[in-house]
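Asker: Could you build all of it, start to finish, from the sequences and the hints given here?
Residue numbers (our numbering), protein chains in the order written: chain F, 1 to 156; chain V, 1 to 755.
Since the hints were derived computationally from the structure, they do not count as laboratory data.
The following label-pair restraints were derived from C-beta to C-beta distances:
hint : chain 1 : residue 1 : chain 2 : residue 2 : range
1    : V       : Gly428    : F       : Met1      : 30 to 38 Å
2    : V       : Thr209    : F       : Asp14     : 55 to 63 Å
3    : V       : Arg319    : F       : Glu121    : 47 to 55 Å
4    : V       : Met239    : F       : Glu80     : 26 to 34 Å
Not everything, but these chain F residues come out facing chain V in the computed CB check (under 7 Å):
hint : residue
5    : Leu40
6    : Ile73
7    : Ile101
8    : Arg124
Stretches of chain F that chain V covers, calculated by requiring three or more beta carbons in the stretch to come under 8 Å of a beta carbon on chain V:
hint : segment
9    : 8-22
10   : 25-34
11   : 132-142
No residue lacks a Cβ here, since even glycine has one placed at the ideal position from N, Cα and C.
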Amino acid sequence: MITLTVNGESHTLDIDPSTPLLYALRNQLQLHGAKYGCGLGQCGACTVIVGEEPVFSCLMPVAAIGERAVRTIEGLGTIEQPGKLQRAFINQQAAQCGYCIAGMVMRAQALLDRTPWPSDEEIRAHMEPNLCRCGTHMRILAAILEARGASNGSRS
Amino acid sequence: MKPDTLHEEPENAARRRFLTAGSVVVAFTLLPEAASRALAQTTTTEAGTFTASAPDLPGSLKTSPMLDAWIRIDTHGHVTVFTGKAELGTGIRTAFIQIAAEELGVAPSGITLLTADTATTPNEGYTAGSHSVADSGTAIANAAAQVRGLLLQTAAAKLQVDAATLAVQSGAIHAADGRSISFGEAVSGVDLHRQAQPGLPLKDPRTFTIIGQPMQRVDIPGKVTGGASYVQDMRLPNMLHARAVRPPAYGATLASVDIAPVEAMPGVIKVVRDGSYLAVVADDEWRAILAMRALSAAARWNAGPPLPDQATIHETLRRLPAQEITVAGKGAPAAAAAQTLHARFTKPYLTHGSIGPSCALALMEGERMTVWTHTQGVFPLRKGLAEMLSMPPDHVRCVHVEGSGCYGHNGADDVAADAALIARAVPGRPVRVQWMREQEHMWEPFGPAMTTDLTASLDASGQMVDWKCEIWSNTHNNRIENAGRLMPTWALATPLKPAPPKEIPMPEGGGDRNSVPLYRVPNLHVQEHFLPDMPIRVSAMRSLGAYINVFAIESFMDELAAAAHADPVEFRLRHLDDPRARDVIHQAAERFGWKAARGSARQPGQGVGFAFAMYKNLMAYCAIAVEVMVERDTGTVKMERAACAVDCGQIVNPDGARNQVEGGILQSSSWTLFEETTFDTRGITSFEWGSYPILRFSSAPKKVEVDLIDRPGTPFLGVGEASQGPTAAALANAVADAVGMRVRDLPLGRGRVKG
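Answerer: See below:
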């Protein structure tokens, strides 16, 4: 049995401990935000926050999480009440197909939690692991700049 | 048919098509002239081949002329709009809602839009070639305007006033005396199952309040809050997860495999084997992946035929047997040539590289198959799947559900074939199949490698007097014309054969798209050597041949400008008559500060470049100026900033159009600077993002500015692929400006400018 704390809720799952966190989130917990992109830690579509770090959930076995809290994009807000960073992505219309966006938001949130007022250069460097194929980079950067000061996934 | 029947069964859709056809027969009988004209109206574009049953109607009304194919209103006034196009992440869902809301006179929030579904929507072929707003948007605009007119007539009769005195606002019809009738009340007296009429007016664009205004996309809030937005997120009751095991390379066949140990693995429901086709079905996704790995390890394969040497691929392709296509030819008296230039340009194979590997769900229930898919064409896919399954097409339903951006023909159709083949083996249970990253990278149909060869002469005054172009290209249109175009069928015990490739005819073209320069030149010859044999599987990738042809033409224009001792922008304007083309060039040059940038000393490695094209010579106009920094030591090229001006006719959603152009610029800069699909004689070697690097944030420019020039009341011009070609050429021109080195073989990065 594996116990996971996701977005403040504790879950006990009867799954193979080697199962990557991504599959437990998407299938066992029905949280669709984190996406399968490569399974190799190259694209960041699966990014969630474990403890205080952005991680590739496609690579991290559930057994490796231990006591650390898991945060996914569902934990930042809802469609009715988006969190500040989510609101900034909507304001900037920072998506085209949007498949990469949940991973982008979570990686950015990890930065804002640690560094509430990152510079443009710090944001670009921090976001380097995540790929966007539609070319929405300028809007994603604008959304993160707009949301500066939004720590701990706090709602606006 | 009742106007409020929204979710009809396939039989009803078939009945509607029958009725539509019937109405055409009547028209033929009554109007023999119109009939003979109609019979001549078969056209082929990137969206498909269509015979217009109503050639006098605008947009896709030509092929689906009934009003209730597009718009239905129930007695509560709820409006449902139908489109045969699919949302591919470009924002057409929002644009269509804006168009329908504007022309009907309802709030955008009052509209439900249903997209591509073989059971419910018109057949608009493929969502491709920047056709969506021009084809479907135009149909929706006209259908909505005509439905509004019919509702006004009914309301006028009910209120006993002149229809001209009525006003429509927010889904209600208001009389001057304060009385009003809701759309729901008005529709009860109207049968919308009638053919649209040609020549009826649309709203005066000066009265627009929704079209032309930026509207937030309706899909983005769900996408940034973890809503189930994609086919990858669909969960059906009792759903199983499957994975296919692909051969190691094209043409490899299964020599042996022991499936028993895999079938004994936890959660495995079945191993599907049909000839060399292998797949696993399990009760859980991760278990399906573990079983796939075990099955893959157990499989032994006979190698397929070797691939050509990548180092000489362009020479190999140019030697293949060709179908000769004369794309353009004209001769006129001109001044004597004072100098002649020649240059040859190449592009490598490119990978679409969707961030989300392709995915589909399928369910076989009795004699019926339903497939949920992110295909670009639900109707052609249905035909291919039906043939593959030996089922009548009306027993197969394909429903579009959004996927990751595709940028053309990626693995979407193939994975739908996987899902259908596997679902047939486990009837009654929905099956979800998603490809793995390496499957997507190795098996998608790539953007073709190409050569474009240019020769042109200038007279003594620096005017162009002749222009010759030769193109060598495989097909850009390997769409699902038959079941053999679905890659999984190649591995079946009875393998299916792909239909032979055909070039997309001009004016849109495929490999020859945008090969005719828009510039004034008295003597012109454009020849395509269309190469049917493809050593590497290829198909449509965003902008098709326009990407290299615009790259080549616009690079060459800079070479000609230099030979004429002219400024590149001035040289272009010197040869352009179309005022809209001139406007975007002036606007981009002004926004960028072209004169000042060209006139001032550049830092070492700094360069500026310009380019222009009108997509397909009939869609959006796009001009762009870029600034680059080139590091000769490392061969790194970085786009620092870009200023772009676009004219896409009547703009529907300015922010949506801008988002597409910005995205096109960044995506093209990724193709142009970094990308090249790699292979050796044994197979594709760029099988993930490490071996196929694309643009990351560190390479994103500091600034991208996009100016839109609105042309109210003029036709919608597709904009989604307008900026790809010009961006590539502007970058190459900026590199030449920076380091004096003309790079004609893409990509520009990857060490080509090292030294």
